[in-house]
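Chemist: From first to last, the protein sequence lines are chains A and B.
Everything in the first sequence is counted per this note's numbering, starting at 1 for the first residue and increasing by one.
Everything in the second sequence is counted per this note's numbering, starting at 225 for the first residue and increasing by one.
Hints listed in this document are in silico derivations from the structure and should not be mistaken for laboratory results.
Among these hints, one or two may not hold up.
[Stated by the list, open to error] Listed next, with one range per pair, are the computed distances between beta-carbon atoms:
{"hint": "1", "chain 1": "A", "residue 1": "SER80", "chain 2": "B", "residue 2": "ARG337", "range": "21 to 31 Å"}
{"hint": "2", "chain 1": "A", "residue 1": "GLY97", "chain 2": "B", "residue 2": "LYS335", "range": "37 to 47 Å"}
{"hint": "3", "chain 1": "A", "residue 1": "GLY114", "chain 2": "B", "residue 2": "LYS336", "range": "17 to 27 Å"}
{"hint": "4", "chain 1": "B", "residue 1": "GLU267", "chain 2": "A", "residue 2": "LEU119", "range": "23 to 33 Å"}
[Claimed, not checked] Here are the computed lysine to aspartate or glutamate pairs in the DMTMM-like style, where the Cα-Cα straight-line distance is at most 25 Å:
{"hint": "5", "chain 1": "A", "residue 1": "LYS3", "chain 2": "A", "residue 2": "ASP43"}
{"hint": "6", "chain 1": "B", "residue 1": "LYS309", "chain 2": "B", "residue 2": "ASP340"}
{"hint": "7", "chain 1": "B", "residue 1": "LYS248", "chain 2": "A", "residue 2": "GLU74"}
{"hint": "8", "chain 1": "B", "residue 1": "LYS248", "chain 2": "A", "residue 2": "ASP43"}
{"hint": "9", "chain 1": "B", "residue 1": "LYS423", "chain 2": "A", "residue 2": "GLU8"}
{"hint": "10", "chain 1": "B", "residue 1": "LYS336", "chain 2": "A", "residue 2": "GLU50"}
{"hint": "11", "chain 1": "B", "residue 1": "LYS423", "chain 2": "A", "residue 2": "ASP54"}
{"hint": "12", "chain 1": "B", "residue 1": "LYS335", "chain 2": "B", "residue 2": "GLU287"}
{"hint": "13", "chain 1": "B", "residue 1": "LYS333", "chain 2": "B", "residue 2": "ASP292"}
{"hint": "14", "chain 1": "A", "residue 1": "LYS35", "chain 2": "B", "residue 2": "ASP311"}
{"hint": "15", "chain 1": "B", "residue 1": "LYS309", "chain 2": "A", "residue 2": "ASP131"}
{"hint": "16", "chain 1": "A", "residue 1": "LYS35", "chain 2": "B", "residue 2": "GLU352"}
{"hint": "17", "chain 1": "A", "residue 1": "LYS47", "chain 2": "A", "residue 2": "ASP70"}
{"hint": "18", "chain 1": "B", "residue 1": "LYS309", "chain 2": "A", "residue 2": "ASP43"}
{"hint": "19", "chain 1": "B", "residue 1": "LYS378", "chain 2": "A", "residue 2": "ASP18"}
{"hint": "20", "chain 1": "B", "residue 1": "LYS336", "chain 2": "A", "residue 2": "ASP18"}
{"hint": "21", "chain 1": "B", "residue 1": "LYS378", "chain 2": "A", "residue 2": "ASP43"}
{"hint": "22", "chain 1": "B", "residue 1": "LYS338", "chain 2": "A", "residue 2": "ASP131"}
[What the hints assert, rightly or not] Interface residues of chain B toward chain A, partial, derived using beta-carbon atoms under 7 Å:
{"hint": "23", "residue": "THR240"}
{"hint": "24", "residue": "THR243"}
{"hint": "25", "residue": "LYS275"}
{"hint": "26", "residue": "TYR279"}
{"hint": "27", "residue": "PHE284"}
{"hint": "28", "residue": "MET298"}
{"hint": "29", "residue": "TRP302"}
{"hint": "30", "residue": "HIS306"}
{"hint": "31", "residue": "LYS309"}
{"hint": "32", "residue": "ARG324"}
{"hint": "33", "residue": "PRO348"}
{"hint": "34", "residue": "LEU350"}
{"hint": "35", "residue": "TYR391"}
{"hint": "36", "residue": "GLN397"}
Since this is a predicted model, take the numbers as computed values, not measurements.
The beta-carbon is built from N, C-alpha and C at its ideal position, and this holds for glycine as well.
Here is what each chain is made of, one letter per residue.
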Amino acid sequence: MIKSHPGEGLLYQYVSGDLSAAMTLVVGTHIDMCKTCRQTVCDIEQKLCEENLDTLVSIASSTMSKSQCDQMLEAIFASSACNKQVHQPNELLSLEGRRFTLPRTLAHNSHRIGEWSKLVGKLWRAPLTLDNGNQTNLIYMAPGAKVSEHTHKGLEATLVIDGIFNDEQSEYRDGDFILLDPSRTHTPETQNEDCLTLATLDAPMHFTSGISRLLNPFSHLFFR
Amino acid sequence: MQMVSGRTSKRGSMTTTQTDAADKAAALLTEIAENRSRAAFSEIFRLFAPKLQSYATRQFGNEQTAMDLVQETMTNVWHKAHLFKPDRGSPSTWIFTIARNIRFDLLRKNKKRKDDISADELWPILSEQNDSLDDGYALDHDVLMQEISHYYAKLPDAQRVVIEKIYIEGKSQQEVSDALGVPLGTIKSRTRLALKKLKELIVDND
Ligand SMILES: [Zn+2]
């Protein structure tokens with residue numbers, strides 16, 4: 001049972017397309033794993049569609065003329081189906097003798113997962129190349145791994161893909177989406193089980209100032 | 225950390241006019257997908273192009289970019305109509321999410337490098353891959369059978385008939401489609417809307 005979800009504001013921004021690519025990926029992957037949020041997203045899509053498309057009356061001055069319409073129709077009929085070179089989704093991830101199944105959105109972007117590198121302790125990291133300027137990583141913690149206590153500013157989201165980790169406050173399992181409280185330091189660790197997480201450090205574009213100052217359990221190690 | 229605190233969904237009850245419009249658009253999309261009908265597409269285009277243009281003009285404040293969004297969105301509708309899933313949402317919601325994706329890419333066009341991620345990779349709504357996300361609108365069967373008899377009478381006629389045939393007479397969606405002479409896509413979208421409505425009724429009356 002997933003107990004920690006993105007807030008509804010974040011889901012709205014996800015649907016309207018106003019989050020950064022990295023945050024969209026993390027929230028989208030949570031939605032793949034979470035039936036509750038998937039339904040909320042369906043509702044939000046319908047609501048935003050009603051607000052942005054259904055109820056909009058065309059502004060008289062900018063309405064398309066008949067000839068514009070005909071021209072565009074002609075261009076569309078003449079166009080060929082744009083079959084962009086799409087990468088085959090690959091939902092299998094092997095690491096340290098473990099096999100993980102990646103959720104849909106992540107599987108669609110498996111070609112963006114870079115080389116794994118071993119870090120201190122029992123930690124591994126693979127960067128995801130999305131676009132300029134964001135820092136997104138898959139992080140694997142073997143059983144008994146521990147990230148030393150630290151603080152860091154900047155908005156970060158962490159999603160548990162598979163496994164369990166805990167900090168002083170709580171325990172997080174498959175599908176849990178975490179934005180951390182800026183007022184505390186954290187010491188993420190694994191116990192008997194390992195844990196694969198997806199984490200990003202970046203700010204959604206229209207976030208209010210309060211939320212953009214959040215603590216991140218991993219950033220000390222991974223985002224410096 | 226943010227927790228979900230009892231989201232009660234009261235959104236999105238559609239009026240009869242909206243349902244009719246959705247049925248019509250769904251039938252047009254089926255026609256495009258199955259027969260590549262230019263007439264059906266022209267009709268969809270007339271329904272949606274002005275709305276998309278208005279949406280895009282507000283988003284970009286630039287007429288040329290707005291027209292680009294209209295053209296790219298409708299081009300996708302023409303080529304990808306077969307990917308519309310009537311049981312997942314209404315036609316206009318589907319078209320809105322396509323426009324959302326186009327907008328996402330257009331906003332990044334200037335900064336974008338070749339390998340940068342695109343909207344279709346983030347929201348794979350137009351993926352040909354048959355991803356199996358389980359349907360969020362299936363109701364728990366036991367709950368459904370208990371509750372349905374109390375509430376289904378409150379559904380709009382078109383939806384009630386479909387629910388009756390499927391859940392009480394035990395027909396498949398295809399059989400209902402054949403019996404009523406209504407396209408399968410329409411039956412699927414009516415089922416979805418009816419289940420959604422029932423869920424709201426059940427939640428409201430608990
Ligand atoms: Zn969720």
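Chemist: Decide, hint by hint, whether the structure agrees.
Modeler: Here is what the structure says about each hint:
{"no.": "1", "hint": "SER80(A) x ARG337(B): 21 to 31 Å", "verdict": "25 Å, holds"}
{"no.": "2", "hint": "GLY97(A) x LYS335(B): 37 to 47 Å", "verdict": "40 Å, holds"}
{"no.": "3", "hint": "GLY114(A) x LYS336(B): 17 to 27 Å", "verdict": "20 Å, holds"}
{"no.": "4", "hint": "GLU267(B) x LEU119(A): 23 to 33 Å", "verdict": "58 Å, violated"}
{"no.": "5", "hint": "LYS3(A) x ASP43(A)", "verdict": "20 Å, holds"}
{"no.": "6", "hint": "LYS309(B) x ASP340(B)", "verdict": "28 Å, violated"}
{"no.": "7", "hint": "LYS248(B) x GLU74(A)", "verdict": "23 Å, holds"}
{"no.": "8", "hint": "LYS248(B) x ASP43(A)", "verdict": "21 Å, holds"}
{"no.": "9", "hint": "LYS423(B) x GLU8(A)", "verdict": "20 Å, holds"}
{"no.": "10", "hint": "LYS336(B) x GLU50(A)", "verdict": "30 Å, violated"}
{"no.": "11", "hint": "LYS423(B) x ASP54(A)", "verdict": "24 Å, holds"}
{"no.": "12", "hint": "LYS335(B) x GLU287(B)", "verdict": "20 Å, holds"}
{"no.": "13", "hint": "LYS333(B) x ASP292(B)", "verdict": "12 Å, holds"}
{"no.": "14", "hint": "LYS35(A) x ASP311(B)", "verdict": "16 Å, holds"}
{"no.": "15", "hint": "LYS309(B) x ASP131(A)", "verdict": "30 Å, violated"}
{"no.": "16", "hint": "LYS35(A) x GLU352(B)", "verdict": "22 Å, holds"}
{"no.": "17", "hint": "LYS47(A) x ASP70(A)", "verdict": "31 Å, violated"}
{"no.": "18", "hint": "LYS309(B) x ASP43(A)", "verdict": "16 Å, holds"}
{"no.": "19", "hint": "LYS378(B) x ASP18(A)", "verdict": "38 Å, violated"}
{"no.": "20", "hint": "LYS336(B) x ASP18(A)", "verdict": "16 Å, holds"}
{"no.": "21", "hint": "LYS378(B) x ASP43(A)", "verdict": "21 Å, holds"}
{"no.": "22", "hint": "LYS338(B) x ASP131(A)", "verdict": "10 Å, holds"}
{"no.": "23", "hint": "THR240", "verdict": "14 Å, violated"}
{"no.": "24", "hint": "THR243", "verdict": "12 Å, violated"}
{"no.": "25", "hint": "LYS275", "verdict": "5 Å, holds"}
{"no.": "26", "hint": "TYR279", "verdict": "5 Å, holds"}
{"no.": "27", "hint": "PHE284", "verdict": "12 Å, violated"}
{"no.": "28", "hint": "MET298", "verdict": "6 Å, holds"}
{"no.": "29", "hint": "TRP302", "verdict": "5 Å, holds"}
{"no.": "30", "hint": "HIS306", "verdict": "11 Å, violated"}
{"no.": "31", "hint": "LYS309", "verdict": "12 Å, violated"}
{"no.": "32", "hint": "ARG324", "verdict": "5 Å, holds"}
{"no.": "33", "hint": "PRO348", "verdict": "5 Å, holds"}
{"no.": "34", "hint": "LEU350", "verdict": "10 Å, violated"}
{"no.": "35", "hint": "TYR391", "verdict": "20 Å, violated"}
{"no.": "36", "hint": "GLN397", "verdict": "19 Å, violated"}
Violated hints for the displayed structure, listed by number in ascending order: 4, 6, 10, 15, 17, 19, 23, 24, 27, 30, 31, 34, 35 and 36.
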